[in-house]
Amino acid sequence: MRKVGLLLLGLGFAAAALVAIAGRAAAQGPSPSDDEVNAVAKQLYCPVCENIPLDVCPTQACAQWRDTIRLKLSEGWSEKQIKDYFVEQYGARVLATPPAEGLNWLVYVLPPAAFLVGAFLLFRALRSWRHAAAAAPAAPAAQVANDDPYVRRLEDELKRGA
Amino acid sequence: MTDGQGETAQPASPKRNFGIVLVWVAVLGLLAIVGVGLIRTQQGPAGVGSKPNPFTLRAFDGVEYNTAELVGQVVVINFWASWCKPCEQEAAELEQAYQQFKDQGVVFLGVNYVDTEPEARAYLERFGITYPNGPDLGTRISQAFRIRGVPETYILGPDGRLAHVKIGPYTSLGEIAEAIQAAQAP
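So the sequences go chain by chain: A and B.
The numbering of the first sequence is this note's numbering, which starts it at 1 and goes up by one.
The numbering of the second sequence is this note's numbering, which starts it at 163 and goes up by one.
Simulated from the structure, these hints should not be mistaken for laboratory data.
Every residue, glycine too, gets a C-beta built ideally from N, C-alpha and C.
The hints are all genuine.
What follows is a list of derived Cβ distance ranges for each label pair: (1) Arg93(A) <-> Gln261(B): 32 to 40 Å; (2) Gly191(B) <-> Arg130(A): 28 to 36 Å; (3) Arg93(A) <-> Ile329(B): 17 to 25 Å; (4) Pro320(B) <-> Tyr108(A): 44 to 52 Å; (5) Gly118(A) <-> Ala230(B): 48 to 56 Å.
Based on the provided sequences and hints, a complete structural model is requested.
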């Protein structure tokens, strides 16, 4: 009887330990894959190396930052939370896409505005060239007609006749 | 009004003039922004005699240090990173200098530049550094000093002005001591 009691107690402890381990594993979640880490990393730039995305940066520091992303993903952080964390730590310059605030608005507004203005100016220029080409052959004839007194008399006669 | 060939010249409309002015204003505005950016990048690090804006450093142990409250003391501000090999050359000497001068009211602050906390803490433990160190959140402190890399050390005199700037690692304890003593001198 006593042995049965000890056996049951042992089984109870073992079951409790298994539940604790399983619970902890569930809280951490499975380890994120390299693709999941790089999906976030490619939206960030190495804070030290110029213009190198974090997913392809070969330095040890970049490997540490990718490990930070992996850790945050395994803790259930969202992509936005991770990017906000990196901005808080290292500044907005780590973002591959600058935030649309302050002077950064110019990056989003100026290129399409410049394209539209350029297209409009090109349209105006083409139209004026086309009109100039159509009017050019008629100009000398009209000038001759205005200068010649006989042609002027003829036109006047024709108008009176009409 | 006619020009030389007898053609009648069209006077420029107010609308067209306004458009031209608008385009020139936009172009000049862009050039001004580019110019300001270029001037900033060419400025170089904060120089001796300048007075950097006060900042607050939150150390890894949670204690905050505000340089505005340290006026009247010599403050040694060292920028470093765990991934920085040259920083390792001066780490031990900086700790020795801290031990030598801490009782004279000299404050040492280590600013951890674009690093990760676990590696930064491991670096501090590896070199036995005991003076306050904290992360440069958002790189605001390093931008205020316009640092170009690490390690760089800036020593504020009692008046809050920069008394000494060192780009690169110190080569000896004597070099650090000399810089601090010069900053202490009235």
